[in-house]
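Numbering of the sequence shown is given in the working numbering, commencing with residue 1 and proceeding in unit increments.
Be aware that a few hints might be false.
[Stated by the list, open to error] So the derived label-pair ranges between C-beta atoms look like this:
id : residue 1 : residue 2 : range
1  : 359       : 255       : 22 to 30 Å
2  : 200       : 285       : 28 to 36 Å
3  : 152       : 287       : 27 to 35 Å
4  : 93        : 224       : 34 to 42 Å
In case anyone wonders, no lab produced these hints; they're calculated from the structure.
C-beta: ideal position from N, C-alpha, C; glycine also.
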Amino acid sequence: MPPPIPAAPAPAPAPRPAPQPAEPAEPDVVTKAARLLKAWFFEGNVPVKLGVLVLLFGVAAAIKYAADAGWLTMPIEFRLAGIAAGAIAGLVWGLRSAAERPAFGLSLQGGAIGILLLVVFAAFRNYEVLGAMPAFVMVLILVAGASVLAVKQDAPALAVLGFIGGYLAPVLLSTGSGNHVALFSYYAVLNAAVFGIAWQRPWRALNLVGFVFTFAIGGMWGAKYYQPEKFATVEPFLVLFFLFYAAIPVLYALAGRGKNGKVDGTLLFGTPLLAFPMQVGLLGDDRMGLAFSALFVAAIYSGLALWARGNQRLRDLAQSAAGMGVVFATLAIPLALTARWTSAAWAIQGAGMVWLGLRQERRLVRWSGLALLVLAGGAWCVSLFDWNLGLEDRFLLNGHAMNLGLLTLAWMAASWLYHRAGKSTVLQVLLILGGLGWWSLLGMREIEVNLSPRFDALYYGGFALVTAALAALLRGPLAWPRLSWPLVASLVLM
């Protein structure tokens with residue numbers, strides 16, 4: 001009898017793959033801004049940077065104080081020429097020092113250019129030594145020179161210091177005259193230079209400097225000096241500044257080195273959200289003007305999304321721009337129909353933030369979107385005090401129906417997004433119940449206000465039938481079992 005054949009040894013179990021560390025979440029806008037400020041103030045040659053900023057403030061204060069106190073008796077032309085000569089000497093010194101001590105040399109160049117901009121602006125606006133055209137040409141030369149030096153030496157610190165001096169010049173040397181055409185023309189030149197640099201370099205700090213100064217100073221001027229008769233000379237500048245900072249995020253994304261272009265959310269979202277309230281301040285109660293303004297913004301961002309959608313590196317930019325286009329297109333509807341727009345805007349924005357937060361796994365963004373959805377409902381309730389209760393309504397073509405429809409869509413969309421992401425069953429239920437509540441309010445209000453009370457039973461039955469049909473049609477394509485709830489409820493009510 002042959003011996004038994006030994007069994008083959010069992011194969012060793014395959015080693016378990018090492019767990020991959022989770023990719024860290026993208027920091028939010030506030031964190032990014034804090035990091036940029038920290039890097040600028042606490043990295044590199046910090047004493048030189050701070051010293052140059054202090055020097056800029058000191059020179060501006062010295063010019064103003066000496067003029068007010070009458071300490072200097074020599075002609076103002078000589079005083080300004082002396083300050084300019086010192087700044088030019090500092091610029092030359094900075095150019096020569098840049099090779100051996102880059103941080104010192106570049107910071108000195110930026111400070112010198114900022115002082116020269118201060119001198120030109122003071123000569124033009126405070127002392128009327130220069131006419132508008134010579135001052136404009138000098139500013140153009142200085143800003144162009146600073147831009148060329150910064151790009152050629154790959155020196156964002158030079159650009160930031162020079163442009164801070166340029167943007168601060170009107171503030172530090174203000175006479176209170178409120179000459180907005182001179183101010184905004186000057187800022188237009190500076191912003192054109194920021195745009196030109198953004199075409200060559202992805203310097204986010206410089207973009208933020210221009211954005212913050214432009215809208216902050218412009219907003220303060222508008223709050224203090226704007227009158228309706230100045231609309232024709234203010235509106236072109238607001239549109240120009242909006243276009244500048246709507247385009248700069250595109251340049252920033254294109255300049256990225258990675259496969260996916262970075263999205264500057266601060267400028268992409270902040271520009272329309274700051275510019276549109278300013279437009280509201282300019283137009284006042286002109287609702288159709290505001291509606292066309294919202295459509296203009298929607299067209300800009302929708303066009304940007306269509307242009308960028310074919311570029312894989314601009315995918316996130318295209319999606320974000322499309323979202324902004326939807327928001328402002330939606331905002332134009334209640335504006336044009338004389339309805340309150342706050343509720344609609346917050347509802348759509350809230351749903352968009354829920355989508356973005358779920359997509360990027362950012363809890364704060366999700367909860368902010370949910371808070372906006374709740375605030376949107378509250379805004380609609382508050383707006384009831386300002387509305388005529390339907391005496392001039394048309395069936396479905398009225399502000400109430402539009403707002404309630406948008407609230408329904410926003411709450412239902414948020415519930416479906418949570419369902420698709422497999423997050424928080426409790427929130428899914430609360431959101432779908434809230435959406436069905438808004439939908440029910442829409443139907444009841446339209447029936448009670450705009451239709452004959454003789455056929456209420458028929459109308460309510462028709463509304464239940466429409467609700468059931470919509471739920472049945474959407475339940476399958478959306479893969480959303482909870483749409484059975486309104487379907488069953490509608491059939492029971494019928």
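query: Which numbered hints turn out to be false for this structure?
result: Per hint list: 2, 3 violated.
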